[in-house]
Amino acid sequence: MLSKAQETDAARQALARLLPLAEEAARRLGRRAVLMEVCGTHTMAIARSGIKSLLAGSLDLRSGPGCPVCVTEQRDIDKIIAMAGQPGVVIATFGDMLRVPGTKTSLEVERARGARVEIFYSPMEAVEFAARHPQKEVVFLGVGFETTTPALALSIAAAKSRGLTNYSVFSVHKLVPPVMRALLSDPDLNIDGLLLPGHVCTITGRKAFDFVSAEYRAPAVVAGFEPVDILEAIYALLKQITAGQARTLNGYARLVREEGNRKAKEIMAEIFEPTGAAWRGFGEIAQSGLTIRKSYADYDAAVRFPVEVPEALPPKGCACGEVLKGKITADKCKLFGRVCTPSSPVGPCMVSLEGACAAYYQYERHEV
Amino acid sequence: MCLGIPGKVVSLNQAEQWAVVESFGVRKKIGIDLIDEEIAPGDYLMVHAGYAIGKIDQMDAQVTLEMWEEILDAE
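Taken in order, these protein sequences are the chains called A and B. Per the numbering used here, the first sequence starts with residue 1, numbered consecutively. Per the numbering used here, the second sequence starts with residue 369, numbered consecutively.
What the hints contain is simulated information worked out from the structure, not anything from laboratory work. Built from N, CA and C at the ideal position, the CB exists for glycine as well. A hint or two may mislead.
Example chain A residues on the side facing chain B (calculated, C-beta under 8 Å, incomplete) [what the hints assert, rightly or not]:
id	residue
1	Ala151
2	Leu154
3	His199
4	Leu255
5	Lys263
Please take these sequences and the hints and turn them into a complete structure.
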């Protein structure tokens, strides 16, 4: 087992090998190489480890659309809040959705006004809650990527097998590969390499991301979440950039398999099917969302509790959309640190701990 | 949200598809419905939203735990 000192030592060695390589890549490209991560946990890990600032002189490390709460479209947030106002409905959610501002209000504010909002660690706890409260309609907010969707799918399967009629899911689930295609096709971005999200890949498998190198000629590395994992993945990306190669590699083999998690993929496909979905900052992306199949319509909150909300614009002045596309860093938003802070967030990227703005505020902020 | 936390298997019930895992000294019952591989007490699992999503090498799990401990302390 690695000790803390060995881990630090490994990280230091990786860093020493990495710096000259980053400089070589910059010489080759005529600018700093642009590497992007698309995972909120990577955003946090990179920010808190100081990796980004250590390498900033020769490498441009950016965050992409890796925070599920952040990429949820304003209109979907408004729908969720409208659903919370329906009689008998209990909104069940993971914690980070609570404070996300909708157009007029948030779940947190509505809860203070009397709406019932319960926070759960696992959707299965919400199924238990529904079983104990048959007179309540429990609506779980299905916000998340491939990592989260299997747990939601299992909760629907459990509700069905237990004969519960008061549990449903509002699915705004999203898929990572389609948004990655959108990023790689964006001519303004010039992404030279991608750090692939380790826990999403645990479900999808490494192969699901072969298209990054095969179709877009960009190197990609599945990365774990420790500083040394991230440094090694960056090293593997820079090695490929300087050698003019593009491969999709697995830097997290202790957990990620070639084909991913078979059972998770099966239960997801049983309950959900791909559909077009709107992402904050990106707009509509074909086949990038997951909707509940018609055969499970009884567990689909969008069918059970249809709500209509007007077209919604993002909060005024909030640059969350541009931050999610990696076009600007958090500190370039006019509201950052002045109007928008973790204690009074304007946009979702400052609410979620995984949001690029919150991570920047907590770990990388200098005096503003 | 894709936050995974490694946990060490303390006990398990294959028939009912659950295990008790320990992370940061806290024991929790989690679902093992998604795991294809054999699981035994002492194994490390990556846990997300109440379910194990994969089995991990013991070698590295400890370091991740320390990292998460720090992050949780910061909250």
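Right, here's what the structure says about each hint:
1. At about 4 Å, the closest approach between the beta carbon of A:Ala151 and any beta carbon in chain B falls short of 8 Å, and the interface hint on this residue holds.
2. At a threshold of 8 Å, the smallest CB-CB gap from A:Leu154 to chain B is about 6 Å, leaving the interface hint in force.
3. The criterion of a C-beta within 8 Å of any C-beta in chain B is met by A:His199, whose closest approach is roughly 5 Å, and the hint holds.
4. Proximity of A:Leu255 to chain B holds as hinted, the smallest CB-CB distance being about 5 Å (cut-off 8 Å).
5. Given the 8 Å rule on beta carbons, the hint for A:Lys263 holds: about 5 Å separates it from the nearest Cβ of chain B.
Consistency note: the structure conflicts with none of the earlier hints.
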